[in-house]
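*Asks:* The listed protein sequences correspond, in order, to chains A and B. Residue 818 is where the first sequence starts when you use our numbering, and the numbers rise one by one after that. Residue -7 is where the second sequence starts when you use our numbering, and the numbers rise one by one after that.
Where hints are given, some of them may not hold.
[Said to hold, decoys possible] Chain A residues, not near chain B, derived (Cβ > 12 Å throughout):
| hint | residue |
| --- | --- |
| 1 | Val931 |
| 2 | Phe941 |
| 3 | Ile1098 |
[Claimed, not checked] Taking lysine-lysine and the DSBU-like style, the derived pairs with C-alpha atoms no more than 30 Å apart in a straight line are:
| hint | chain 1 | residue 1 | chain 2 | residue 2 |
| --- | --- | --- | --- | --- |
| 4 | B | Lys108 | B | Lys131 |
| 5 | B | Lys131 | B | Lys14 |
| 6 | A | Lys1095 | A | Lys913 |
| 7 | B | Lys86 | B | Lys131 |
| 8 | B | Lys187 | B | Lys131 |
| 9 | A | Lys1095 | B | Lys108 |
| 10 | B | Lys187 | A | Lys1091 |
| 11 | B | Lys131 | A | Lys1095 |
| 12 | B | Lys86 | A | Lys913 |
| 13 | B | Lys108 | B | Lys14 |
| 14 | B | Lys14 | A | Lys913 |
| 15 | A | Lys1091 | B | Lys14 |
| 16 | A | Lys913 | A | Lys1091 |
| 17 | B | Lys187 | A | Lys1095 |
| 18 | B | Lys187 | B | Lys86 |
Everything labelled a hint here was simulated from the structure, so no lab data went into it. Where a beta carbon is used, it is the ideal one built from N, C-alpha and C, also for glycine.
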Amino acid sequence: MRRYKFEENVFKILMIGSTVIVLASLVLILGAILWRGLPALSLEMITQTPKGGYYLGKEGGILNAIVGSLYLAGGATILSLVISLPIALYLQLYVKRTHYAELVRLSLDVLWGVPSIVYGAFGFTLMVWLGMRASLLGGIIALALLELPIMVRAMDEAIALIPTALKEASYAVGATRLETATRVIVRQNAAGLLTALLLAFGRGIGDAASVLFTAGYTDRLPNSLFSPAASLPLAVFFQLGTPFPAVQERAYASAVVLTVIVLVISLASRRLSKRLTKHVIQ
Amino acid sequence: MLHPHLQFNQLNIWYGAQRALKNVTAEIPARGITAIIGPSGCGKTTLLKSLNRLLEETDGVRISGQILLDGQDIYAPRIDVTGIRTRVGLLASKPCPLPMSIYDNVAYGPRIHGRKNGRSMDQRVERHLRAAGLGEEVKDRAHEPASQLSTGQQQRLCLARALAVEPEVLLGDEPTSALDPISAQRIETQLQALKNQMTIVVVTHLLRQARRLADYVIFLWMGELVEAGPAAQLFNAPRDERTRAYLAGDIG
């Protein structure tokens, strides 16, 4: 009796401890970037592109990186969605638990583990071969490759949770697999699919290595798919690398902006997901 | 039997290495209610779900033998599966509305089969909701989510959804097992009302329900067909010893 009590307590402490570590890291990270970055954060910072001498501590902002990041991660997430949803539906409704499906899942898990610099290098090689220059499009494609495995696996897992009875209810009135997928599965699972989208977007917007060679970096706003585009992670990286404390502070301010974007999008999608689950069958 | 609507010839079904049905040969008459009875695990649901080819969605199922719908082999190579499922509807054991409004649930089937929205769709939805005994209750809330209905209402909505594609056969897989007695009775009443228009095949492990509903009975025991015949004869004068023992409550 006493031993059970003891074990129970040990596990309770472990669980609480782990939760505290996670929450504390989040608070510490946020605290650190806010403490270092807030003083440098100004309206100018988020509404202007860098002017001459910005990297020496003079006037300008990081609008180029904000816009660039939104374009890059947004574009990559849309591109990735167009490819991921059919794969996830195919895996769940058509091939199910065959060896082939397991092979596809294994490949995606391997891709998930590939470091993002490898996607960058791969994208760069491909672009050199095609004679393309660093551009928004190149960055979008590299980021989409990076996001793809996350999105497919998250959707795959979400669709797997759909009860068989629901699919059968659709088949039973003579619906095909495709009709069942588009009219029932996607509706029932809208919240899960949105979460997958968000996970992928989060990874995409935070990644520096894959866009370094493929999208490049520029002080100007991207005006076409074929011009280079700046991004927030690289803005953090470059500014942190300068020897000037004023510019380093701006790196932290850029990190604050990046964090706020992710936060706002997370909150917005939570709101949206509540609305999307109106019809969901428990 | 005057006109068998469905026929099984030497039907065998395996789940992997396990044989669920053994050489089942039987006929199901047109119109009226046929009850498939027997204890749990005797193959009732397996037999039922082979009739609209929903069984093959389960992994590892193998089927041999013939099932004829109006004389046509539904497992023939070039047959259109969705066509079979349109002709043979299903009412599942647990109510399972689709994630959409009450109206859209009923309109789902007709839309799949190319019916346009509009006045005639409204009438169609209303007619089938009424046929399922749900017309009055949802008259003013047809565009609310189906998930808001009670369990009993959800099952009647599922009945309306099945009826909306105008099937000639309706399968019921223990359709009242998840319902309270009042809701169950309402489903039974609707089935009784529908049995002059279509062939109804109901799986049940409740003998009392089979006695109330059935015009024709098929008794399965451990994957084998023991006895089949008109309800009056099978219940009152069973020919097989196992049927007699099952009806008396000695086995199963």
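*Asks:* Confirm or reject each hint.
*Replies:* Now the hints, each set against the structure:
The claim that Val931 (chain A) lies off the interface holds: its Cβ sits roughly 31 Å from the closest Cβ of chain B, which is beyond the 12 Å cut-off. Taking the minimum C-beta to C-beta distance to chain B, about 43 Å, the non-interface status of Phe941 (chain A) holds against the 12 Å cut. Not every CB of chain B lies more than 12 Å from the CB of Ile1098 (chain A), the least distance being 5 Å, so the non-interface label is violated. Note on Lys108 (chain B) and Lys131 (chain B): the hinted pairing holds, with a Cα-Cα distance of about 21 Å set against a maximum of 30 Å.
A C-alpha spacing of about 47 Å is found between Lys131 (chain B) and Lys14 (chain B), which places the hinted pair above 30 Å, so the restraint is violated. Between the alpha carbons of Lys1095 (chain A) and Lys913 (chain A) the distance comes to roughly 28 Å, so the proposed pair stays at or under 30 Å and holds. Proposed proximity of Lys86 (chain B) and Lys131 (chain B) is supported: the alpha carbons are some 24 Å apart, at most 30 Å. Proposed proximity of Lys187 (chain B) and Lys131 (chain B) is supported: the alpha carbons are some 25 Å apart, at most 30 Å.
Between Lys1095 (chain A) and Lys108 (chain B) the CA atoms are separated by roughly 25 Å; this keeps the pair inside 30 Å, and the hint holds. A C-alpha spacing of about 42 Å is found between Lys187 (chain B) and Lys1091 (chain A), which places the hinted pair above 30 Å, so the restraint is violated. Distance check on the hinted pair: Lys131 (chain B) and Lys1095 (chain A) sit about 20 Å apart at the alpha-carbon level, within 30 Å; holds. Pair hint Lys86 (chain B) plus Lys913 (chain A) holds up; C-alpha atoms about 23 Å apart against a cutoff of 30 Å.
Using a Cα cut-off of 30 Å, the hinted pair Lys108 (chain B) and Lys14 (chain B) is violated, with the two alpha carbons roughly 45 Å apart. Between Lys14 (chain B) and Lys913 (chain A), the direct Cα distance comes to roughly 28 Å. Compliance with the 30 Å bound is thereby established for this hinted pair. Between Lys1091 (chain A) and Lys14 (chain B) the alpha-carbon distance is near 49 Å, which puts this suggested pair outside the 30 Å criterion. With a C-alpha separation of about 29 Å, the suggested pairing of Lys913 (chain A) with Lys1091 (chain A) holds against the 30 Å cut-off.
Restraint check: the Cα-Cα separation between Lys187 (chain B) and Lys1095 (chain A) comes to about 36 Å, which exceeds 30 Å; the hinted pair is violated. For the hint linking Lys187 (chain B) to Lys86 (chain B), the alpha-carbon distance of about 22 Å falls within 30 Å, and the restraint holds.
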